[in-house]
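Sequence lines, in order, name chains A and B.
According to the working numbering, the residues represented by the first sequence are 287 to 500, in order.
According to the working numbering, the residues represented by the second sequence are 135 to 523, in order.
It cannot be assumed that every hint is accurate.
[Said to hold, decoys possible] For each label pair, taking beta carbons as the anchor points, the in silico distance ranges come out as: (1) B:Ala-298 <-> A:Ala-355: 54 to 64 Å; (2) B:Gly-379 <-> A:Glu-401: 21 to 31 Å; (3) B:Val-312 <-> A:Ser-483: 52 to 62 Å; (4) B:Arg-346 <-> A:Gly-382: 48 to 58 Å; (5) A:Ser-468 <-> B:Gly-379: 34 to 44 Å; (6) B:His-381 <-> A:Glu-401: 26 to 36 Å; (7) A:Gly-344 <-> B:Gly-379: 15 to 25 Å; (8) A:Leu-480 <-> B:His-315: 46 to 56 Å; (9) B:Val-420 <-> A:Thr-455: 41 to 51 Å; (10) A:Gly-383 <-> B:Val-420: 23 to 33 Å; (11) A:Leu-460 <-> B:Glu-457: 54 to 64 Å; (12) A:Leu-459 <-> B:Asp-448: 28 to 38 Å; (13) B:His-375 <-> A:Glu-401: 17 to 27 Å.
These are computed hints drawn from the structure, not numbers from a lab.
Remember, it's a predicted structure, so these values are computed and weren't measured experimentally.
The C-beta atom is built at its ideal place from N, Cα and C for all residues, glycine as well.
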Amino acid sequence: MRVVIAEDNALLREGMVLLLTSAGHEVVAVASSGPEVLPALLDHRPDVAVLDVRMPPGFRDEGLRAALAARAELPGLPVLVLSQYVEETYAAELLGGGASGVGYLLKDRVGRVDEFLDALERVADGGTALDPEVVTELLTRRRDDPLDSLTPREREVLQLMAEGRDNATIASLLVVSDRAVSKHIGNVFAKLGLPPSDSGHRRVLAVLAYLNKA
Amino acid sequence: MAQLGKAAGLAIASYLFAALILFTAVVTLLVVGAAVLPETVLLLRRTAGLKRRLVADWSGVPVPEAYAPLTGGVRARVRTALDDPGTWRDLRWLTAHFVYGCALMYVAIPLCILGLLVDGFWCGLLRQRAVALPLLDRLADLDAAWSRALLLPSPKAQRNADLAERVEELTLTRAGAVAAHGAELRRIERDLHDGTQARLVALSMRVGLARRAYDKDPVAARKLLDDAQEQAEEALTELRHVVRGIHPPILTDRGLLGAVRALAAGSGLDVTVTARGVEDAAGQAVRAPAAVEAAAYFVVAEALTNAAKHSGADRATVELFREGGVLGIAVRDEGRGGAEGGAGGGTGAGGGTGLLGMRRRVAALDGTLTVTSPTGGPTVIEVELPCAW
Numbered sequence: 287m288r289v290v291i292a293e294d295n296a297l298l299r300e301g302m303v304l305l306l307t308s309a310g311h312e313v314v315a316v317a318s319s320g321p322e323v324l325p326a327l328l329d330h331r332p333d334v335a336v337l338d339v340r341m342p343p344g345f346r347d348e349g350l351r352a353a354l355a356a357r358a359e360l361p362g363l364p365v366l367v368l369s370q371y372v373e374e375t376y377a378a379e380l381l382g383g384g385a386s387g388v389g390y391l392l393k394d395r396v397g398r399v400d401e402f403l404d405a406l407e408r409v410a411d412g413g414t415a416l417d418p419e420v421v422t423e424l425l426t427r428r429r430d431d432p433l434d435s436l437t438p439r440e441r442e443v444l445q446l447m448a449e450g451r452d453n454a455t456i457a458s459l460l461v462v463s464d465r466a467v468s469k470h471i472g473n474v475f476a477k478l479g480l481p482p483s484d485s486g487h488r489r490v491l492a493v494l495a496y497l498n499k500a
Numbered sequence: 135m136a137q138l139g140k141a142a143g144l145a146i147a148s149y150l151f152a153a154l155i156l157f158t159a160v161v162t163l164l165v166v167g168a169a170v171l172p173e174t175v176l177l178l179r180r181t182a183g184l185k186r187r188l189v190a191d192w193s194g195v196p197v198p199e200a201y202a203p204l205t206g207g208v209r210a211r212v213r214t215a216l217d218d219p220g221t222w223r224d225l226r227w228l229t230a231h232f233v234y235g236c237a238l239m240y241v242a243i244p245l246c247i248l249g250l251l252v253d254g255f256w257c258g259l260l261r262q263r264a265v266a267l268p269l270l271d272r273l274a275d276l277d278a279a280w281s282r283a284l285l286l287p288s289p290k291a292q293r294n295a296d297l298a299e300r301v302e303e304l305t306l307t308r309a310g311a312v313a314a315h316g317a318e319l320r321r322i323e324r325d326l327h328d329g330t331q332a333r334l335v336a337l338s339m340r341v342g343l344a345r346r347a348y349d350k351d352p353v354a355a356r357k358l359l360d361d362a363q364e365q366a367e368e369a370l371t372e373l374r375h376v377v378r379g380i381h382p383p384i385l386t387d388r389g390l391l392g393a394v395r396a397l398a399a400g401s402g403l404d405v406t407v408t409a410r411g412v413e414d415a416a417g418q419a420v421r422a423p424a425a426v427e428a429a430a431y432f433v434v435a436e437a438l439t440n441a442a443k444h445s446g447a448d449r450a451t452v453e454l455f456r457e458g459g460v461l462g463i464a465v466r467d468e469g470r471g472g473a474e475g476g477a478g479g480g481t482g483a484g485g486g487t488g489l490l491g492m493r494r495r496v497a498a499l500d501g502t503l504t505v506t507s508p509t510g511g512p513t514v515i516e517v518e519l520p521c522a523w
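Kindly produce the complete structure, drawing on both the sequences and the hints.
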């Protein structure tokens, strides 16, 4: 895949280039400050962009704003936003333009190389990758509602669905069969009163919309 | 009558005071007895203070007092005593009071006798209203009015006193802020030292062990590397918590309003956020000092957490406003109230400690926090933080 990286910290930037090239991807451009990001994306139109939230010159949320601007210019451009910390608000803003081809992960996750690369490919393919911490926050916030009626296993399945995993991955992570996963998903949707949804980003959106409802 | 009696007594006492003042003036001029001067001035202040109390008791309105404190060496104390306009005002009062105090006494004594005769016999027999004795009260009023006029500190002295009081208050809150800052630094140091640093040491050890095992026992090496990665992730998680506790990153990114909106969205309540004057015409956040923003953020976070946990309400409002040199915050929920009292169920315990933390944080910045939470609600927490914008 052709990847554009935006990261101001040289150490992390080099690390990311090393990681991606060793996995067989091609890093076509690197941006080290906010204003460089959008032109790089428009010039190279990569398969996926990996963007850091906080970058010079303001060290605020330049990367996030660049991601939103790029997706406004190039609808559907897959972006994976990385951050030192996660904020639900940022996740909501990123998903506001559709969950297709959107990733929002803690930088820490890069350490789990295989999982990170998997998330990157998922986003590039138009899927979703939402950090478990965001999902946990969403899940723990809601109380005294149908979420309480879920079994622990169904809760785990819901968490993984909201992170953007597909059925096969959920099955392998929970060490159960695909059929068992399908059954759990059916139960979750029935208990939450959601219309059954195919896998993919529509399902993620339905689940997130449900969790976000105050 | 007793009031006039005291006034007369004090007037006669001031006669004796005149001798003391004369003595002080002489010894001070002779330099050898300069130390007497401040003591005399203190005595003068106490005498004037006694009169102030008497006037306040009689009229029910306190008479303010404003003196420069007499501190330092003899020379400094003598200079302050002489420079303080209060000293000269007190002397003026003492002289005047001697005159009108005696004069009132001379009027009061015959009036008193007359009053007993006229009111006691005449009115008493004919059941008429007393005529003469109430006049004594009017005389006491007169004494109180004149004394108040003479004893009120000059506007300048009053201003100086107000400033001195403000300085004392600021010194106290500043000491509080420094102590709070120190405690905060120690907490951060402990968190980093016991948590993150220890984890990184453990991580480094595991990497070292994995290197030793690498050739001989690849399976064990792999296990050690897995552990090491877990340690690294835990260290990162801890570090994130420490950073959040120092200064929430979203404040840096989005300013106070953006951060509060994020809090509102994540609170689990239906929160309406309104803001006045915290953004400029272009919608850019007008930034308050970082410490003020952080305190405001923690107050809103704590208030919303309490509302979600204890109040039973499902909606709340947050108001941010900027007025002059003040950042104002008002958080209101329509819950069951009783947050201050600590009686109603679990409301008090959680709310209480949270409120204490909020109060400390706000006080450290010289701000004010008011909680209104009658049983049955609503709970309103209002905070004002002074700050330059």
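How the hints compare with the structure:
1. B:Ala-298 <-> A:Ala-355: 54 to 64 Å: 57 Å, holds
2. B:Gly-379 <-> A:Glu-401: 21 to 31 Å: This hint holds: roughly 28 Å between Cβ atoms.
3. B:Val-312 <-> A:Ser-483: 52 to 62 Å: Given about 57 Å between the Cβ atoms, the range holds.
4. B:Arg-346 <-> A:Gly-382: 48 to 58 Å: At roughly 51 Å between Cβ atoms, Gly-382 (chain A) and Arg-346 (chain B) fall inside 48 to 58 Å, so the hint holds.
5. A:Ser-468 <-> B:Gly-379: 34 to 44 Å: Holds - the Cβ-Cβ distance for Ser-468 (chain A) and Gly-379 (chain B), about 43 Å, lies within 34 to 44 Å.
6. B:His-381 <-> A:Glu-401: 26 to 36 Å: Since His-381 (chain B) and Glu-401 (chain A) have Cβ atoms about 30 Å apart, the given range 26 to 36 Å holds.
7. A:Gly-344 <-> B:Gly-379: 15 to 25 Å: 23 Å, holds
8. A:Leu-480 <-> B:His-315: 46 to 56 Å: For Leu-480 (chain A) and His-315 (chain B) the Cβ distance comes to about 50 Å; the hint holds.
9. B:Val-420 <-> A:Thr-455: 41 to 51 Å: 46 Å Cβ-Cβ, so the 41 to 51 Å window holds.
10. A:Gly-383 <-> B:Val-420: 23 to 33 Å: 29 Å, holds
11. A:Leu-460 <-> B:Glu-457: 54 to 64 Å: 55 Å, holds
12. A:Leu-459 <-> B:Asp-448: 28 to 38 Å: Holds - the Cβ-Cβ distance for Leu-459 (chain A) and Asp-448 (chain B), about 35 Å, lies within 28 to 38 Å.
13. B:His-375 <-> A:Glu-401: 17 to 27 Å: 22 Å, holds
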